[in-house]
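Asks: This is what each chain is made of:
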Amino acid sequence: MHASLRRVYWWLIAPAVLLMLVFYIYPLIQVLWISVTDPVPGLGNYSELIDRALIHRIWMTTIRVCVITTAITVVAGYIVAYTMAQVGERQRTWMMFCVLLTFWLSVLIRAFAWVMLLRTQGLINTGLQELGLIDQPLRLVRNEFGVIVGMVHFMLPLAVLPIYSNMTGIQERLVSAARGLGASPWVAFKDVYLPLSKPGLISATILVFVFSLGFFITPALLGGGKVVMISEYIQVSFEETLRWGQATMLASTLLFSVFLSLALVARFVDLKKVFGAR
Amino acid sequence: MPEGSTGARSGHALSLRNLSKVYGSLAAVDGVDLDVPRGSFLTLLGPSGSGKTTILMSIAGFVEPSGGSILLDDTDITRFPPDKRNFGMVFQGYALFPHMTVADNIWFPLKVRGVSKADASAKIKNALELVQMGHLAERYPSQLSGGQQQRVALARAIVFEPDLLLLDEPLSALDKKLRADLQWELKSLHQRLGTTFIYVTHDQEEALSMSDTIIILRDGKIEQQGVPGELYEKPATRFVADFLGKSNFLEGTVGEVKDGAFTYVCGGQPLVQAGAAKHTKMSGQVLIALRPEKIALTTERPAATNAVSGQITAFNYYGSAYHFQVKTEALGDLIATTPAWTCAIEPSIGNTIWLGWEPDASVVVRDR
Amino acid sequence: MTLTKTLYEKDLYPEIEDAGDSDFARDCVEIAAKRLEKGEISRRTFLQAVAMLGASTSVLTLGGGSAKAAEEVVVVNWGGPAVEAYAKAFGDPFEKATGVKVVIDGTGPLGSKIKAMVDAGAVTWDVCDTGTGTTLVLEKQGVLEPIDYSIVDKAKMQNIFAYEYGCANYMFSFILAYNKKSVSAEPTGWKDLWDLEKFPGNRTLRKQPNGMLEACMMAAGKSPKDVYPIDIDLCVSKLKEIKDSVIAWGSGSQSQELFRTGEVVMGDIWHTRANLLNQETNGDVTWTWNEGIVTAGMWNVPKGNPAGLETAMKFIASSQDPDQQLVLFDAMGNGPANPAAAAKVPEDKKYIDPGQPENLALQVLQNGPWYQEDSGVRNLTNDELSREMWLDALSS
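Chains as they are written, first to last, in the numbering used here: chain A, 1 to 278; chain B, 1 to 368; chain C, 1 to 396.
Okay, chain A solo, but in the shape it has when bound:
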């Protein structure tokens, strides 16, 4: 009875497994295959990782932008989530609405809105100039700064949601207990609340970092063509120069670096716990 039931379960998930194999694993293998066979068999494409200054630069840009974006997003997301967890039901609903609102705006509209705010004659520059705080307009967009602003804005909900959902599981009583045992508000936060919100913090960090690695629209729009990230270069290699060997090599390395960062994180935390499998 038990064994046959189990077989039924396997059959039930079979379509999903098959779907994964056909539409995900197989193409993935193809990608890896192309990366070592096109244009000639061998690891020539991968040697470009070492040899070519352009690829170094693109990787460095990608990692720098992603790390900075992740750091800012996670800290800002933590503050937003913490506030949401503390305020009343009404304010929380409004905050959640505002956080999700950015999700509903198209990435183009968002990027354009940032351009309008940050450009030389934009609201911020003219405002600062009229206040007499600056003489010359600041370069706030069409550079790495603008890209990071846009990416942080894009990513914020992705950081807020896991952190907030983790925080709702933290018993407020534990913080009270800490206070009652003599901890100042800061110590109670640092020694009790912060460690307990670590799973949310880590999943937000992973989520934001991994997502950031794949970014190219926002960098393309707000970077003024000067902030080229790995995904954009993959697209160029794949669709424009048709150097599929190079494109698949970069895609494979991108995928590999996602796994690598997960593995690094896994050394320090229980990922199953972070992703709620346990």
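Simulated from the structure, these hints should not be mistaken for laboratory data.
One thing to keep in mind: the hints can contain errors.
Unchecked claim - Pulled a few chain B residues facing chain A out of the computed Cβ check, cut under 7 Å:
#: 1; residue: 108
#: 2; residue: 114
#: 3; residue: 115
Unchecked claim - Reference excerpt, derived from the structure (chain C facing chain A, CB under 8 Å, subset only):
#: 4; residue: 137
#: 5; residue: 247
#: 6; residue: 248
#: 7; residue: 385
#: 8; residue: 387
#: 9; residue: 392
#: 10; residue: 395
Values in this document were obtained by computation on a predicted structure and should not be read as measured data.
In this text, a Cβ means the ideal position worked out from N, Cα and C, and glycines have one as well.
Position chains B and C relative to chain A; hints supplied.
Replies: Leaving out everything else, chains B and C in the frame of chain A:
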């Protein structure tokens, strides 16, 4: 500010002066005056919504009172933040830090007071032994049973020798047997430490078994306070008589008042009550509370001053005792209990029996 | 196709196609679609185009390779209004003349799709509307059929646009556009774009070097006739000179937006976008044909096309008719490739036709074959090497 030494005389006294807490238009605590003597075990007892937890949280500093003041010895601590009060607190559901080991949980209050773990180790060990948890110091709370967690919570609350120990329904999540065991332990802990304990519960048995003083709360006000025996034997109101233990209530009209006693008529049945006919209404109505265990059950009419007969409508056997429901003509349904091994009647439904009690077995209570 | 799976941002927002780079051919469609929105093209035309698109898709799904042989020819362009425009300009006349049905497929002949089709041996397209860049890339990949110049007439196009594996379909230019309101004097050539003192402010150049290298060469002092062979190192150093003041454009609409928001005062952009800016700013943004770089939209035939080489070539030859090209010019603004069409352009439209003799005289014809030549570095063509170096300089 810990006092260094422990001992029966090191406890602190706490006073509440006209304490109140208003939520919107609802007064959760309504002008409570209370003195907690040094080193005593005081219990705040009441049903949910009676304000007992709000009072405790005000003492702890988690709830800011709307009015009145809280004095520790002679210091007004009403506006002190929780961490500046130096009170130990045991929360409902333990509130152990799940990311710390048992030892680290207990170290926590010392750590925030600047004591390194090495320096604290003796105290941690001591506190753990005090609650018989020495062998589980390196476990995490999730690896402990409910009773073990409660012991750790207790150890954590006392390790820094607080001026006062506040306990918020600490035993409510435990099963009955464990609860009974821990009642003994808590009481002996209190005696050994000499710290003033303020204990909140809705469980009257817990209150009776451990407290020096019980404060019965109702709708944010003190209904009655006193030592357990006094409260049980001399409830002032129907509420207290009903909440603390069980009672039969007899409503009668006062008849003849004699020296130290009076007669009253209930359902046509004349009965005698010792004491003065206090709380009597204009109509001459009086309310008498009669504890079930004070009724003697016999098969023949007893010699007791007050006696009625009735039929058993239901009974429960508890091993140590029988609980009977008896239907009487004059007094309606009454409950009566008797030790099982001395039970003088045949416990069977429909059986006609006699219930008898002396005038001083029952008390006059206010009808509120 | 799997590659796009890593592009999460794109997954979330399917409408962001526009944000990437675009070829000129695709850009023309975008412009036409906007005109439709504004009512400059009729709704009926648009609906017909949609219907046509639906029909062609069904052909694609049902059609095997051999079954349809020479009964029809599938012409692939960038969809939208271009479907109807191509049908009217080239499809109907060819059908009338030969009896071979012309199916206009608006899927968009991405180079990557053509390569994928040919590699998989499942070619369903006969003639594709691409650009010089794509043609050269595809040629190197070996997935195109050579143009048969015994059927297609070299004389009916600028000779320089008669590539071995592709030939001109229409012409367009990279020109110097500028905002009159933001410059003290009218710039006359690429040297002015590099003159940050005389013309302060940001300028825009394309993210891809195609059409930019020529401007760099002229800015470096080469006369228009000496632009080729291009010195890539020189171009890159020219780019670095003004890089801090450069905002790069990827798609045509981005180049337009940069002028619109006032972020740039001048730039090297497509003349079609400059024309749109000119209209919407009432002439504030304008352009000069001087030192413009003329290039062409290209016809490509994928290797093993289903209708057969001859039918495809005949279709291309048919499309060389000046009148047919004028129909396309009228509908989409694509400058006729056939010099004979120039004279037939209405007087009031001549100023937007790069192929008018007086406009051509001011410009340089882009030398596609140079892009194709070996650069001498790591087996890369000039096209490949310059793309890398250009991107590297831009992002450094």
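Asks: Would you mind marking each hint as holding or not holding in the structure?
Replies: Each hint tested on the structure:
1. 108: Hint holds; residue 108/B Cβ to chain A Cβ min 6 Å, cut 7 Å.
2. 114: violated, 10 Å
3. 115: violated, 11 Å
4. 137: holds, 5 Å
5. 247: holds, 4 Å
6. 248: holds, 2 Å
7. 385: violated, 11 Å
8. 387: Cβ of residue 387/C sits 6 Å from chain A, so the hint holds.
9. 392: holds, 4 Å
10. 395: Constraint on residue 395/C satisfied, holds at 4 Å.
Of the hints listed earlier, those the structure fails to meet are numbers 2, 3, 7, in rising order.
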